[in-house]
Amino acid sequence: MLYREAGDFSSTYEKDGQTFPIKFDRWGYYVLLAVAFLVVPFLINDYWANAVFVPFLIYAIAALGLNILTGYCGQVSLGTGGFMAVGAYACYKLMTSFPDVSIFFHVLIAGGITAGVGVIFGLPSLRIKGFYLAVATLAAQFFLVWLFNKVPWFYNYSASGQISSPERTVFGIIVTGPNTDAWAKYMFCLIIAVLLAWIARNLTRGAVGRKWMAIRDMDIAAEIIGVNPLKAKLSAFAVSSFFIGVAGALFFSVYLGAVEVGEAFGIQKSFLVLFMIIIGGLGSIFGSFAGAAFMVLLPVLLKNILVGQLGWATDLAAHIEFMIVGGLIIGFLIMEPHGLAQLWRLAKEKLRLWPFPH
Amino acid sequence: MPEQLFFALEVMLNGLMAGVLYALVALGFVLIFKASGIFNYAQGVMALFAALTLVGIMEGQVPFAHLINAIFGTEVHHFGWTVPSVLAIAMTLGVMVLLAILVERLILKHLVNQPDIILFMATIGLAYFLEGFGDIMWGSDIKTLNVGLPQGISETVDEVTYDWFGYGFFLDKLDMVATVIAALLVIGLTLFSQYTKQGRALRAVADDHQAALSVGISLRFIWVLVWSIAGFVALIAGMMWGAKSGVQFSLSLIALKALPVLMLGGFTSIPGAIVGGLIIGVGEKLFEFTIGPMVGGATENWFAYVLALMFLVFRPQGLFGEKIIERV
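Line by line, the protein sequences give chains A and B. Just so we're aligned, residue 314 is where the first sequence starts under this note's numbering, counting upward by one. Just so we're aligned, residue 30 is where the second sequence starts under this note's numbering, counting upward by one.
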């Protein structure tokens, strides 16, 4: 009843090609943004920021990045954790070397550095494909983590081998360090996430995105119709690594504050982000957010129910979480390979006809 | 100088033996990949699961003890008996066959004709599931596995080589046993696939699914069979690794090392898995021995992957793999 496009006419090509062609969708999106920017910051407290909102936004950025590479360009990567570590360490070095520059630029430059590293590790993708490449990206994962562990320059020769973020401000508001307010953390991540999502959406529906998708669907055929595989694959690696690097920088500087590389950016992180995009939906911007929300909320929910309500041991809850996640991955791949995003699309199709299905 | 040389030789020998252990895990991958085109990421976790089950059965643990205790508030842990290792191994094998049947029924059957990469990701899901399942079933504490395999440094080799060269070689007994077992396993698998009816059917399926179906080979049976064999290989690998470094979570990470082994040797070749394992084993030990001290050590974490990566750039199908032909 509510959700339909009757009376919604596009009179220009721009209107026809917009992201939310249906008015109801568009207004829903505006309302969501308004709530995120104007309501949540006033209600948020430390628990909600640290347990739900900030990790959700950061993982959403990482999932967007991996989705560009895997979902749009078809190159499976298991090196996400390693690239996040590059972002984190680059951000740390920048924060300590140039304390007067705004943290906002540090985060973006950290993303840029990660993009460079990503391109280097993306070079083999021109020769090797599919799961051969997936295994090859493990090289990036293990090598980068080892590098940040062993070369003291990266952690400024600190005795513990950890990096911890000093206090930095944006327009006089503290966004990193122990004295940060919950809303400041949240807003900082939100602004970057919205900005990057907007960039990702517009990249993927333009010429670059179509080239990526052509490569994904069949790279030889794409090459024959004139897509340059070198440019397409490396640009996907660069953009994807940029996103992941930004996510890594935020993860370290805003969310955790202090990081030990093997623990925070190990192979588990690579899988976590991969699972987000499988469950959320490969090749979908909405799916990246949905998957990130799902994988962030699931442990919180399980912990609250199993440990909080039933009083089980935490390790038991953690094992059950493993089982549920594994089962869900298999279930989604069997029943809905396009993930939550496809379920959402189907629901919308149903809603357009509801309540008169014929 | 000869002292240095002997030491390098010893490092190399130890690398060879470690390589055999990698090759054991890699074998399981190759078997499944050949027969079903599935890159089974869960092979390492299967080895962990098999080792956990073996220890659990031998020590008479109550399966799901933690879960039962948490739900019903009871305090059960052990049945109070111990099972002899031969019987326990047989029972574990039964569990692995059951697992193979379940995997075929619940996962593979539904994913026929999906792109390879989807199947690969499904096995990652399976790996996660099995990891949680194994821990819930048997508990996540580090266990010691003792099935009567010899342990420690072999004194005989030490003495004999000392008499010959004036330098005693330190070799692990367990590694030597593992080498023998791996050799037997490869011979056994080769004989099986060359001279038995099922083995021939297996090769036929590996060659061409549809042609095999059309001459009356049951694809589903072959899949169960091949996953069972992979489970058996996983059990042996799990026993060896478990006896070497204890049955714990990191076992499944060690098994990740089998991936570069495969890439080096080629996904479709059993000799490739062995040779790849040996190259990786020797390579990483020698690298750690020569370059390692200069860059801070622990290069074993990544050397195998980087080596495989560089190698793949020049020869994407690996050493012994079939040439990859792509058509539009």
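These aren't lab readings, by the way, just hints derived from the structure by calculation. These numbers were taken from a predicted model, which means no experiment stands behind them. Check each hint, because a few of them may be wrong.
Partial chain A-side listing against chain B, Cβ under 8 Å, derived [said to hold, decoys possible]:
| no. | residue |
| --- | --- |
| 1 | K463 |
| 2 | I487 |
| 3 | P491 |
| 4 | A495 |
| 5 | H632 |
| 6 | P650 |
For every residue, glycine included, the Cβ atom is placed at its ideal position computed from N, Cα and C.
For each hint, the structure was consulted:
1. K463: holds, 4 Å
2. I487: violated, 36 Å
3. P491: violated, 31 Å
4. A495: Where the cut-off is 8 Å and the nearest Cβ of chain B is about 32 Å from A495(A), the hint is violated.
5. H632: holds, 4 Å
6. P650: Status holds, d = 6 Å.
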